[in-house]
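Residue numbers (UniProt numbering), protein chains in the order written: chain A, 1 to 239; chain B, 1 to 415.
In short, the hints are calculated from the structure, not lab data.
Remember, predicted model here, so these are calculated numbers, not experimental data.
You may find that some hints are simply not true.
[As the list claims (entries may be wrong)] Per the computed footprint, the stretches of chain A lying under chain B, defined by three or more beta-carbons under 8 Å from a beta-carbon of chain B, are:
#, stretch
1, 48 to 60
2, 93 to 105
3, 110 to 119
4, 171 to 182
5, 207 to 217
[As the list claims (entries may be wrong)] From the structure, some residues in chain B lie toward chain A, with a derived Cβ separation under 10 Å:
#, residue
6, Trp-202
7, Leu-338
8, Glu-374
9, Ala-376
10, Gln-378
11, Tyr-401
Where a beta carbon is used, it is the ideal one built from N, C-alpha and C, also for glycine.
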Amino acid sequence: MSTESLRIVWVYPDLLSTYGDRGNALILARRARQRGLPVEVLEVRSDQRLPSAADIYLIGGGEDGPQALGAQRLTADGGLHRAVAQGSVVFGVCAGYQLLGTSFFAKGSKYAGLELIDISSDRGETRAVGELAGDIDPRLGLPPLSGFENHGGRTHLGPGVSPLARVTTGIGNDGATEGAWRGKLLGTYSHGPALARNPALADLLLRWATGMHQLPAIDDTWADRLRSERRAAVAAVRP
Amino acid sequence: MPLRAKVASSVSRTAAALSRAAGRGDGSVIGGWIGLKIDPDLLAHLAAGRAIALVSGTNGKTTTTRLAAAAVGVLGRVATNSFGANMPTGHTSALAKAGSTPYAVLEVDEHYLAQVLEATEPHVVALLNLSRDQLDRAKEVAMMAQLWRAALVRHPDVRVVANADDPMVVWAASPPPSHDHRANPPHVTWFSAGQRWHDDSWVCPECGSTIQRSGEQWWCTGCPLRRPQPQWTVEDDGVLDPTGAWHKVALQLPGKVNLGNAATALAVAAEFGVRPVDAVSRLASVTSVAGRYAQVEKEGRLIRLLLAKNPASWLEAFDMADQAPTLLSINARDPDGLDTSWLFDVDFAPLRGRQLLITGDRAYDLAVRLDVNEVAFQHVRTFAEAIRAVPPGRLEVIANYTAFQDIRAELDRVN
C-alpha cells in the first residue's frame with residue numbers, strides 16, 4: 001500500500017460509467033473497511049490529472065465515443081502508465097478492459113489503446129448480451145466467474161497475457177476464453193458491478209494491492225445466494 | 001376518412017372490445033395491431049383533424065400525459081392512451097376507441113417518437129428527459145437524443161415544450177447550426193421540472209466537453225450549449241407561468257417530481273390556448289395512473305404502489321414514499337431488461353432507518369446492493385409474507401415493471 005490508507009481511483013466516471021460501474025469502487029471500499037483497512041476512494045474526471053500513486057485503478061464500461069476519448073486522455077495524461085510501472089492494480093471492465101490493450105474498435109474505426117497488456121479487440125458479427133460464466137485460471141485460485149455481458153467486441157490475446165477464464169456460458173473474448181490478466185492487471189467482459197457477483201475476485205484485487213496473502217473472512221451470505229441463484233438460472237437454460 | 005380506414009377503425013374497436021370481453025387484456029394494443037394490418041396509414045387517418053400533443057421521455061410520460069389530458073380537457077373532449085400503451089398500435093387503438101375528438105394527448109415511447117411525429121403531425125411535442133433505461137436493449141442515451149433531434153429537424157413547424165434541466169433534451173430540441181438559416185427557428189417553450197439524475201449528462205452531446213453544474217444552472221465548458229431560461233417553473237407547492245403568475249397545484253399524486261409533471265402538463269395545455277388558471281383545478285382529478293400511486297387496503301395495511309423502472313425513477317420514488325415500512329421488488333424479465341447492474345447506480349441510503357423488505361425474482365441482486373450500501377433489510381418470498389411482516393398502517397411498495405404487475409395482480413386490481 002502506498003500510504004496509510006488504501007487508495008482506490010475510479011477512472012473517468014464522466015466517460016466510463018454506463019452500467020453501474022460505481023459498484024466496483026463501492027464493493028472494494030466496503031470489503032476493505034470490513035477488514036479494518038482505511039480506504040480512500042477518488043473519482044477522477046477526464047478533465048482532471050490522474051494521480052499515479054494510488055493502489056487500485058478501476059476503469060469501467062462506456063459507449064464508443066467516450067471509450068475513444070477516454071483512451072486518448074489516459075495516454076496523454078500518462079498517470080496510469082506510471083502507476084502500473086510502480087506496481088499498482090488495474091481492473092478494467094468491458095470498454096475499460098479493451099482500452100488496456102494495443103487497439104480497439106469504436107465508431108467503425110480502429111483506435112490505439114494504452115498498450116498496458118497484450119490484447120487487441122475488434123468487432124464481432126453479433127453483439128454478446130446475456131449471462132457470462134467461466135472457470136477462472138486455476139493459478140488465481142478463485143471460484144467460477146459469474147457475470148452479465150453486453151458488448152460487440154471480440155478480444156484476441158497475445159502471448160504475454162493469460163485468459164482470466166474458460167467460458168462455460170456466454171461469449172467473453174471469443175466464445176472460448178474470457179478476460180485477461182498479467183501481473184496485477186486484470187480485465188473482464190463481465191460488465192458493470194462485476195465484483196458484486198464475484199467477491200473472491202474483489203478480494204484478489206485487495207490482496208494484490210495490500211500484499212496480504214490472506215484476508216480475514218467476512219459474511220458473504222447474500223453474494224453466495226446470488227451466485228447459486230445465477231448458477232441455477234444459467235444451468236436451466238443451457239442446452 | 002377513407003373507406004379502408006373506416007373499416008380498419010371499426011374492426012380495431014371490435015377487436016379491442018373482444019379482447020377485453022375475453023379477459024385477454026385491456027385491448028389497448030391488440031385492437032390497434034389489427035387495425036394497422038388492414039390499413040397501415042390508419043394512425044394518420046385517425047389523427048387527421050385533431051389537435052394533438054405528444055409526450056415522450058424516459059420517465060414521467062404516463063403521468064404527464066394523464067395530467068396534460070386533464071388540462072386540455074378544459075377545451076373539449078380529449079382522446080388519450082391512458083393505459084400506457086405507448087407505441088403506434090396503442091395510439092391507433094386509443095384514437096379509434098375515442099371516436100371523433102377535437103384533441104388528443106398521446107404518450108409516446110421515446111424510440112417511436114420520430115414515427116409517431118410523422119404519422120400524427122402533432123401541434124406540440126413535450127420532451128421530458130432522457131436517461132439510462134434497460135441498456136441491454138434500449139438505445140443508449142446520446143443516440144436517443146440524436147434520433148429526437150433528427151426527427152424535430154424534419155418537422156420544423158411542430159411546437160416543442162422541453163425540459164431546460166436536461167442537457168440531452170435541450171440539445172435534442174435545439175436545431176443544429178446548419179439549420180439556423182431557417183426563417184422561423186423552432187418554437188420551444190422551456191420548463192424546469194428539476195433533474196435529480198445527472199449521471200447521463202456529464203458529456204456534452206454537441207462537442208464532447210464536460211458539462212459543469214452549479215445549483216440549477218448547467219453549461220458546456222467547450223461550446224455554447226447551456227441551460228436555457230425556463231418559462232415554466234415549480235415554486236413551493238405551485239407552478240410559475242410565463243407571465244410570472246403563481247398557481248397553487250393541489251395534486252392527488254405524491255412527490256416533487258409530480259409537481260414538475262404538472263408544470264409540464266400546464267405548459268402543454270397552454271400551447272392549445274388553455275389558461276393555467278382554468279386548468280389547474282382539473283389536475284387534482286388525477287388519482288392513480290395505470291395503477292401507479294394507487295392505494296389499496298388489505299388486512300389493515302394501506303398499501304401504495306410506486307413504479308420505478310430505472311435509476312432516475314428510483315430516486316424519484318424515494319422522494320415520493322412516506323417514512324413507513326417499505327417493500328422493494330425487483331425482477332429482470334424481458335420487459336424489465338435482463339441486466340440488474342443499474343442497482344449500483346441507485347443510492348438506497350434514503351431508505352435507512354425504516355423497516356425495509358425485499359422480494360422479487362432478483363431479490364438477491366438487490367440484497368447484495370443493499371448490503372454494500374449498508375442498508376438493513378429483510379428478504380421475503382411472497383407479497384403475502386411482506387404484508388404479514390409489517391404492522392397495520394402504511395406500506396409503501398416500490399417495484400420495477402413486471403414486479404409491479406405481479407403485485408397488482410396479487411392485489412386483484414385491474415386498474
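Evaluation of the provided hints:
| no. | hint | result |
| --- | --- | --- |
| 1 | 48 to 60 | violated (count 0) |
| 2 | 93 to 105 | violated (count 0) |
| 3 | 110 to 119 | violated (count 0) |
| 4 | 171 to 182 | violated (count 0) |
| 5 | 207 to 217 | violated (count 0) |
| 6 | Trp-202 | 4 Å, holds |
| 7 | Leu-338 | 7 Å, holds |
| 8 | Glu-374 | 8 Å, holds |
| 9 | Ala-376 | 12 Å, violated |
| 10 | Gln-378 | 12 Å, violated |
| 11 | Tyr-401 | 18 Å, violated |
When held up to the earlier numbered hints, the structure conflicts with 1, 2, 3, 4, 5, 9, 10 and 11 and fits the remainder.
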